[in-house]
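Novice: Starting from the given sequences, assemble the full structure and let the hints guide the process.
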Amino acid sequence: MTFRGWIAALSLVGLAMTPSAARAQAATAQAAKVDDSTLKTRVETKLKSSAALKEDTINVGVDNGVVTLSGTVHSLAQKTEAARLAKVDGVSNVENKLEVDSATEKKMDAAAAKTDHAIDKTAAETKKAAGNTKDAAATAADKTKDATTKAADKTKDATAKTADKTKDATANAAGKSKDAGDKTVDKTKEVAGTTGEVITDTWITTKLKTDFVDEDTLKGSNINVDTNNHIVTLKGTVTSLAGKNRAAEIAKTTKGVHSVVNLLTIAPKS
Numbered sequence: 001m002t003f004r005g006w007i008a009a010l011s012l013v014g015l016a017m018t019p020s021a022a023r024a025q026a027a028t029a030q031a032a033k034v035d036d037s038t039l040k041t042r043v044e045t046k047l048k049s050s051a052a053l054k055e056d057t058i059n060v061g062v063d064n065g066v067v068t069l070s071g072t073v074h075s076l077a078q079k080t081e082a083a084r085l086a087k088v089d090g091v092s093n094v095e096n097k098l099e100v101d102s103a104t105e106k107k108m109d110a111a112a113a114k115t116d117h118a119i120d121k122t123a124a125e126t127k128k129a130a131g132n133t134k135d136a137a138a139t140a141a142d143k144t145k146d147a148t149t150k151a152a153d154k155t156k157d158a159t160a161k162t163a164d165k166t167k168d169a170t171a172n173a174a175g176k177s178k179d180a181g182d183k184t185v186d187k188t189k190e191v192a193g194t195t196g197e198v199i200t201d202t203w204i205t206t207k208l209k210t211d212f213v214d215e216d217t218l219k220g221s222n223i224n225v226d227t228n229n230h231i232v233t234l235k236g237t238v239t240s241l242a243g244k245n246r247a248a249e250i251a252k253t254t255k256g257v258h259s260v261v262n263l264l265t266i267a268p269k270s
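In the working numbering, the protein residues as written are 1 to 270.
In case anyone wonders, no lab produced these hints; they're calculated from the structure.
Predicted, not measured: the structure shown is a model, and the values here were computed from it.
A hint or two may mislead.
[Unchecked claim] In silico DSS-like cross-links for lysine-lysine, where the CA-CA straight-line distance does not exceed 30 Å:
| # | residue 1 | residue 2 |
| --- | --- | --- |
| 1 | K107 | K54 |
| 2 | K87 | K40 |
| 3 | K154 | K143 |
| 4 | K161 | K209 |
| 5 | K150 | K127 |
| 6 | K33 | K46 |
| 7 | K269 | K219 |
Specialist: Given below as structure tokens:
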């Protein structure tokens with residue numbers, strides 16, 4: 001057989017097989033196609049298994065692979081969800097004729113709005129409570145600061161008053177000491193001799209002894225003079241009462257003498 005003969009033979013075989021292949025393909029397509037009853041069952045099962053559509057009434061119709069949904073749902077979102085679930089394998093198209101129950105949707109919107117309002121109210125109350133807490137903390141801090149400042153001021157005032165009292169007491173003590181010193185000086189000046197000599201107990205004793213020697217009424221007397229803090233004590237003997245009185249008089253009139261204790265006794269001249 002020539003080459004041309006082979007080609008012609010193969011062409012005849014291909015033409016002979018074409019009708020058979022077409023019939024096989026059609027049979028396969030027919031087998032793959034799902035009947036409307038099965039599709040309806042599949043769609044209804046999908047819808048019933050959805051928790052979001054459990055409370056809705058949905059009717060399913062299938063005609064030559066086209067699904068028609070009818071009935072009532074509570075929201076647009078549920079209507080969309082139902083159409084999505086209805087597109088199972090074998091469905092060529094979905095006609096969504098579901099109606100939305102506007103009253104129920106309004107109730108749901110109202111409930112959602114109420115929930116949002118409650119959330120906003122809670123947030124506002126929380127914010128207000130936080131603000132009150134902050135204000136209370138600030139007020140407490142201010143009160144503590146004021147109390148601390150007042151306590152510091154009181155302590156400062158008390159310290160200042162104590163310092164003033166101490167200062168006054170010191171000044172008074174210094175003044176009294178000065179006055180006492182001045183008085184002592186004045187007394188010393190008062191008892192100073194005409195020559196400017198300070199009058200002491202020793203000066204008084206020496207002065208009296210000298211004066212007694214020059215006194216006629218005390219001739220032959222033995223007088224002991226003792227001076228302590230300008231108080232003169234006379235001891236010993238004199239020859240007469242006149243001599244005793246004269247000795248006391250001389251002592252009393254001597255500058256610087258505050259008082260005289262006359263313990264002289266009278267004894268005849270030996």
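Novice: Please write out, lowest number first, the hints stated earlier that are contradicted by the structure.
Specialist: The structure conflicts with hints 4, 5, although it agrees with all the remaining ones.
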